[in-house]
Each structure stands twice: as structure tokens, then as C-alpha cells.
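We have chain F already, so just place chain P on it with the hints.
Number of protein chains: 2
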Amino acid sequence: MGRTSGAREVILSVAQSLIELRGYSALGVAGICKAAGVPKGSFYHFFESKEALALTVLDEHWADQRGEWARVLGSDADPLQRLRQLFGETEASQRAGQQSCGTVSGCLFGNLTLELSNQTEAIRLRLQEIFDAQVDMVESVVAEARERDEVIVADTRDAARSVVAQLEGQVLLAKLYNNTSQLGVLWANCLALLGARMPQEAAAEV
Amino acid sequence: MGRTSGAREVILSVAQSLIELRGYSALGVAGICKAAGVPKGSFYHFFESKEALALTVLDEHWADQRGEWARVLGSDADPLQRLRQLFGETEASQRAGQQSCGTVSGCLFGNLTLELSNQTEAIRLRLQEIFDAQVDMVESVVAEARERDEVIVADTRDAARSVVAQLEGQVLLAKLYNNTSQLGVLWANCLALLGARMPQEAAAEV
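In order, the protein sequence lines correspond to chains F and P.
When we follow numbering that gives the first Met the number 0, the leftmost residue of the first sequence carries the number 0, and every step to the right adds one.
When we follow numbering that gives the first Met the number 0, the leftmost residue of the second sequence carries the number 0, and every step to the right adds one.
Don't take each hint at face value.
[Said to hold, decoys possible] Result set (SDA-like, lysine to any residue): computed pairs, CA atoms no more than 20 Å apart in a straight line:
no.: 1; chain 1: F; residue 1: Lys-49; chain 2: P; residue 2: Leu-26
no.: 2; chain 1: P; residue 1: Lys-49; chain 2: F; residue 2: Ser-24
no.: 3; chain 1: F; residue 1: Lys-33; chain 2: F; residue 2: Ala-51
no.: 4; chain 1: F; residue 1: Lys-49; chain 2: F; residue 2: Ile-122
no.: 5; chain 1: P; residue 1: Lys-49; chain 2: F; residue 2: Leu-26
no.: 6; chain 1: P; residue 1: Lys-49; chain 2: F; residue 2: Ala-25
no.: 7; chain 1: P; residue 1: Lys-49; chain 2: P; residue 2: Pro-38
no.: 8; chain 1: F; residue 1: Lys-49; chain 2: P; residue 2: Arg-21
no.: 9; chain 1: F; residue 1: Lys-49; chain 2: F; residue 2: Ser-16
no.: 10; chain 1: P; residue 1: Lys-33; chain 2: P; residue 2: Glu-50
no.: 11; chain 1: F; residue 1: Lys-49; chain 2: P; residue 2: Ala-25
no.: 12; chain 1: F; residue 1: Lys-49; chain 2: P; residue 2: Ser-24
no.: 13; chain 1: P; residue 1: Lys-49; chain 2: F; residue 2: Arg-21
Calculated from the structure, these hints are not laboratory results.
Note that this is a predicted model, so its numbers are computed, not measured.
Looking at chain F on its own, in the form it has when it is part of the complex (with noise of 0.2 Å):
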């Protein structure tokens, strides 16, 4: 993007830290235009409304973080360590975010899920949408376990979304307790909820 840009993406990222600190509802054009230091007029030539701003705030994280997805759940590795991998960057990224601003900040989809998915029907839609493109993306790799026989699932589709309902309520937890170290769990967790074969053997390649 050019200089142009530069004010539009000072909104954004303020307003992603807004959210993340506050939620959407707490959020107002007035308030993210004074910390963004710009004028009410450059935010309306960049952004419709709110609603805009923040399905776009969704769009870039969600960009962002379904790159990170594609290259570990793509990657060379077993299918089995791949997913191990994803639950530790996973961590690694809570932690990160609360040594930076002193809390956990959570998963901004979950955050918006809970706090809004009731009431703006197009950030719903989004975030169903991005919902259903992590299912998909452990889908596939649950899918290729079970062709190497090493896990037991009877719906890949069912198991894939309980892995990433895991995830979300383990974010939930690490967040109202402002404590990473629970998330360590969600390796044994997802080998336990895919039926995996050998997850004493898989634990110990560790």
C-alpha cells in the first residue's frame, strides 16, 4: 500500500486494539479518530461506518492469521505434528500479547462471536465465515491423520470443529484468568478428541 494509505491504517490498527481492549460496542467513531490522531473526515473517506471498520479489522486479522494457518497446517510435517504446532504458536501468540499490554487479550473472533453475534448480522456472516475456513483447514489435515490411520474419527468435519470449539474455550479461560499455561492442554486434548492411536508415543517425540 502507498503513503496514501498511512491514516487508513492507523485506523485500523487502533481500532483492532480498541476492540481487543474494550469490544465493539464500547467503540466510537469520535474516540478512534482522536486516538488515531486523525479527523472524522478521513475516517468517513476510508470507512462507510463502524460496521465497515470493523468487518475490515476482521478481514486483515483474519488475512494475517490464516497465513500463519496455512504455513504450519501446510507444511511437510505429519499431519499430527502439524496441528501439535499451530497449538503452540497458538500460546506463543497469547503470551507474546499479554507480555506486550499486561493481559490476555483472547481471539478477537471469539470476542466478537460473544459479544455481538446477536446483533450485527454481517460481522456474523464474517465471522462464520472465517469459522468455517479454520474448520476447513483442520478438517483437511484431521483427514489426511486418518488416511495414515492415526487417528479414529467418524466425521472429520465434526471432529475438526470440536478442535477449534477447544481451542476457542481454552482462549476464553486463558483469557478471564490472565494465565497462558492452561493452553498447554490443547495438544493431549485434540490427540484425546481425534481418538489418536498413540498419543503416549506421539507425546514423547516431543
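Same frame as chain F, now just chain P:
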């Protein structure tokens, strides 16, 4: 409670509905009073602030839910069957909420955790106490099942927390997709997370 507390009960009931529909930040004392049909003076007679109101909503909702959980998890049934009943009742309650108001409202505690835990320390601490109590109740059933040699669990606390995390994560997805059918996997997932010795047989007892 006597007749004199009528206004208090109406305010609490309206506040809980509004929090479930739109979250805490979108809530204003004026809006609550309007929806409840009470003057502001009456609100401040019962509640010091919006935060005090939210804490009371949490306490009353947890008193109800704790009663339900105690009834189910303290029954004479086998421990794993008690957990199964807990998930069945959770699914039924989310479905009833959806039928009455059109949308899955999710878990009030999870919703406020993700909206508020980084903003309002008093609410964060109360939510921690509530989730601690939930984990306590599940842990005591898991410990009973372990004594009966029905599960393979190294740490009953971690296991109970994982069961609660899975519940919160699945309810989050049910809210997002406005679809409770996915909650049907909770029982099988709980058995998997607890390393239940005979999931097939246990499932066949349905």
C-alpha cells in the same frame, strides 16, 4: 422476596435479557429503566451503578444454574451419566432459548468473559469465581469416575477444566451459527477428553 422488591426483579429481568441480546457495553441505565418501566430514582435505590447491576445479574443467574448443576451432578446416577445429563440439559436449555427468542443466546458467563474480562476487574473476579465453581463441580464427578476406574485422567482439575472449555467453545459456535445441533457432540467429546474406558458401551446405553 416481598412485593416491595417487584421493581428490583423487573430491572434484573430486563437487564439480563438486554445483556444476552446486546452485551454489557451497549447497556445504559436510561435504556434499562425505560424497558423496565421504572424511574431512574428507583434504579439507584436498588443498584449503585450499572456494574453493581451486572454483578447481581451474574449472581442470580449463577444461583439458578448452580442449583441445576448441583441437582444433576449430585444425583444418584453413575458419574459419567451425570455428566451426560448435564450436556443434555445444556443443549435443551439453549434450544428452548432459541425457540423463545429466535436466536441462541449462548452462555451469559462466557459472553461477559469475552466482552468484559479485560475491562471491569470486579466482573472478571466474579466470573472467575463462577467458572472455578463450575470446574469444582465437574472435577468432583470426574474424581468419582476415576475411583470407579471408568476414566483415565492424570489430573482431575485439568480434565474438568477441559470439559468446561469444550462446553464453552461449542456453545460459542452454537451461538455464532444459531444452531444447537452441534451440541450433541458434547457427550462423546467429554468421554474422549476423560479417556473413558468404554465409550462405545457407554454410548450404547443411551
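Hint by hint, here is what the structure shows:
no.: 1; hint: F/Lys-49 / P/Leu-26; verdict: holds (18 Å)
no.: 2; hint: P/Lys-49 / F/Ser-24; verdict: holds (15 Å)
no.: 3; hint: F/Lys-33 / F/Ala-51; verdict: holds (18 Å)
no.: 4; hint: F/Lys-49 / F/Ile-122; verdict: holds (11 Å)
no.: 5; hint: P/Lys-49 / F/Leu-26; verdict: holds (18 Å)
no.: 6; hint: P/Lys-49 / F/Ala-25; verdict: holds (14 Å)
no.: 7; hint: P/Lys-49 / P/Pro-38; verdict: holds (15 Å)
no.: 8; hint: F/Lys-49 / P/Arg-21; verdict: holds (16 Å)
no.: 9; hint: F/Lys-49 / F/Ser-16; verdict: holds (14 Å)
no.: 10; hint: P/Lys-33 / P/Glu-50; verdict: holds (18 Å)
no.: 11; hint: F/Lys-49 / P/Ala-25; verdict: holds (14 Å)
no.: 12; hint: F/Lys-49 / P/Ser-24; verdict: holds (15 Å)
no.: 13; hint: P/Lys-49 / F/Arg-21; verdict: holds (16 Å)
Going down the numbered hints, you'll see the structure goes against none, and every one checks out.
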